[in-house]
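Those protein sequences? They're chains A and B, same order as listed. With UniProt numbering applied, the first sequence closes on residue 310, and no number is skipped along the way. With UniProt numbering applied, the second sequence closes on residue 325, and no number is skipped along the way.
Wrong hints could be hidden among the right ones.
[Stated by the list, open to error] Label pairs and their calculated CB-CB ranges:
| # | chain 1 | residue 1 | chain 2 | residue 2 | range |
| --- | --- | --- | --- | --- | --- |
| 1 | A | 15 | B | 281 | 54 to 62 Å |
| 2 | A | 9 | B | 145 | 35 to 43 Å |
| 3 | A | 306 | B | 125 | 39 to 47 Å |
| 4 | A | 11 | B | 277 | 49 to 57 Å |
[Said to hold, decoys possible] Straight-line Cα separation of at most 30 Å, BS3-like style, residue types lysine-lysine; simulated pairs:
| # | chain 1 | residue 1 | chain 2 | residue 2 |
| --- | --- | --- | --- | --- |
| 5 | B | 134 | A | 304 |
| 6 | A | 304 | B | 133 |
| 7 | B | 133 | B | 202 |
| 8 | A | 70 | A | 50 |
Everything labelled a hint here was simulated from the structure, so no lab data went into it. Each residue gets a CB set at the ideal place from its N, CA and C atoms; glycine is no exception.
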Amino acid sequence: MSKYILKRLGMMVLVVLGISLIVFTIMNLTPGNAAQMILGQSASPEQVAKLEAELGLDQPFFVRYFNFWKGAVQGDFGKSYQTSLPVFEEILTRFPTTLKLATAAMFIATLIGVPVGVISAVRQYSLVDGVSMVTAMLFASIPSFVMGLLLQLEFALNLRVLPATGAASWQSYILPAVTLSTATMATLIRMTRSTMLEAIRQDYVRTARAKGAAERSVVLNHALRNALLPIVTVIGVDFGYLLGGTVVIESVFSLPGLGTLLITAIRMKDTPVVMAAVMFVTIAYSLVNLLVDIIYAFIDPRVKSQYAKG
Amino acid sequence: MSEALLEIKDLVVEYHTDEDDVHALNGITLSLDKGETLGLVGETGAGKTTTALSIMRLLPKRIGEVKGGEIRFEGQDLLARTEAEMRLIRGESISMIFQDPMTSLNPVIRVGDQILEALKLHRPDMSRAEQAKKVDEMLEMVGIPAARKREYPHQFSGGMKQRVVIAIALALEPRLLIADEPTTALDVTIQAQVLQMMNDLKTKLDTSMLLITHDLGVVSQTCDKVAVMYAGEVVEYGRAEDIFLGSRHHPYTEGLFGSLPGLNASAKRLSPIDGLMPDPTALPEGCRFHPRCPHCTERCRAEAPAQYLRNGHMIRCHRMEEEVR
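The following block holds chain A by itself, in its conformation from the complex (with noise of 0.2 Å):
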């Protein structure tokens, strides 16, 4: 088990170093200049000659590159060609804000989703079925701002009952969260129906019946174990996604996440922010599918079993 974990963190750092040289052979290859972005178009070429030297961007390619990475692994990221600030700074100030978020929406999702999906299985083509399934469909097919603005205009402007915008406090949270929820609680839903469906015609759950098993138990204990491994896929994969950073939400609830620090770092051609963004958001994403694959280890012993092989 630990020498597969080794393995996955060896092929993690093999992920990285692929990532950021891809992404620092865009932010080279795109139109734009850094040195022009922050001297307006008025600067003369005297001066943007200048800043560039500053800025080391008359360097070579990969000599900058080569910088990027010695700086890197010292834990200097570098600074923010706009803001002047240290880059990892920057992020790590940002980072609560989009953890905070991706949690309370993953939690949501879960903690209805998941029984939502078990009762629709259990009852399948009952009312209450049908009922989830139309609202998963809705909830799948409601573009993310959609749903924000319509909770913002009911619970904001209508009920005034929760903060439209701003990271104030944590009731701030309560809507981005729920709107960021919808999209993966119908993707749970689903999944959770159709795999517990496939579950409880397993002959496994006919063996727990004749023991004499009550019906709570069999689906809970015998079903449900065995239908995990692929929401818990869903729900690792969805949440290393939001740690990302989820620029309409926060732009919509005007809150300070990744999302929208990427978002203008790569408009203003700000490569050290983009670079070290984006390599904070790959290690989290990695490590969020890590913890995703020991999980299942502990869910299905046949898994672990194929970790102890290699």
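Following the hints, complete the assembly by docking chain B onto the known chain A.
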């Protein structure tokens, strides 16, 4: 008949699908006495498993429906029990071994815990230590070292898994064991072992057994009584001697024996029964077997035969009419 542990009378079961109603059981009557083994023989689709699931009241929900008849176990009508009452009977008084040991154990639960579950459900007053001891005993009884109880099903071979399934089924010393093709999925050598073990345990625990199989060899080794099923009906029913040694048979039974490869017989070809099992959504008029029967007459096409009984040996065929008279 007062000795009867299980009595099934005129049981009719249908499966409802979107398009059709499948006539799975069309009035079967069986009885099983204490300590006896009843073999249920027939082709795939004859209704053997449906019979077993009906007794357990585990027919697939919404799809399977008991349309008529009764199932009496120790005198009480199982079809009239509530679901909660049935849960007390399942595992405790009647337990079942399913066909495929590969899939009948829960892959994510330790085998010991799967045996333990039955004890927890039906012996809540037993202490944990006693329950654990019983689990060890059961494993040893089916020939698995008790130390392996912490392992998961995927760490066992097919034969070993079936032993675990048997240990689960017998943990509470049920009065009736339903074994649905318990050896079909196993290698021939393992089949013999498992069968021998089941027989020994059955005698030791004084359990009656309903053995579902399509293997006539298995039946001859283990069964006291045999019911031959065809298209949801019992076409021949009697003591094992009647079925194996008797002179008169239902044509289907004759066909079954004819399709066995004999070791001594010099026949170069097997003689299978021509044709296929009828479509259970549209069963033939008259005798269900007439389209495949070598002795088919006009009467067989039009009129369903009665059950002709002599000395406890029942045959459902028009040809028996004269003999019985």
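So, going through the hints one by one against the coordinates:
1. 15/A <-> 281/B: 54 to 62 Å: Since residue 15/A and residue 281/B have Cβ atoms about 56 Å apart, the given range 54 to 62 Å holds.
2. 9/A <-> 145/B: 35 to 43 Å: holds, 38 Å
3. 306/A <-> 125/B: 39 to 47 Å: Holds - the Cβ-Cβ distance for residue 306/A and residue 125/B, about 41 Å, lies within 39 to 47 Å.
4. 11/A <-> 277/B: 49 to 57 Å: With Cβ atoms ~55 Å apart, the hint holds.
5. 134/B <-> 304/A: Distance of about 29 Å is within 30 Å: holds.
6. 304/A <-> 133/B: holds, 28 Å
7. 133/B <-> 202/B: holds, 21 Å
8. 70/A <-> 50/A: holds, 24 Å
Of the numbered hints stated above, none is contradicted by the structure.
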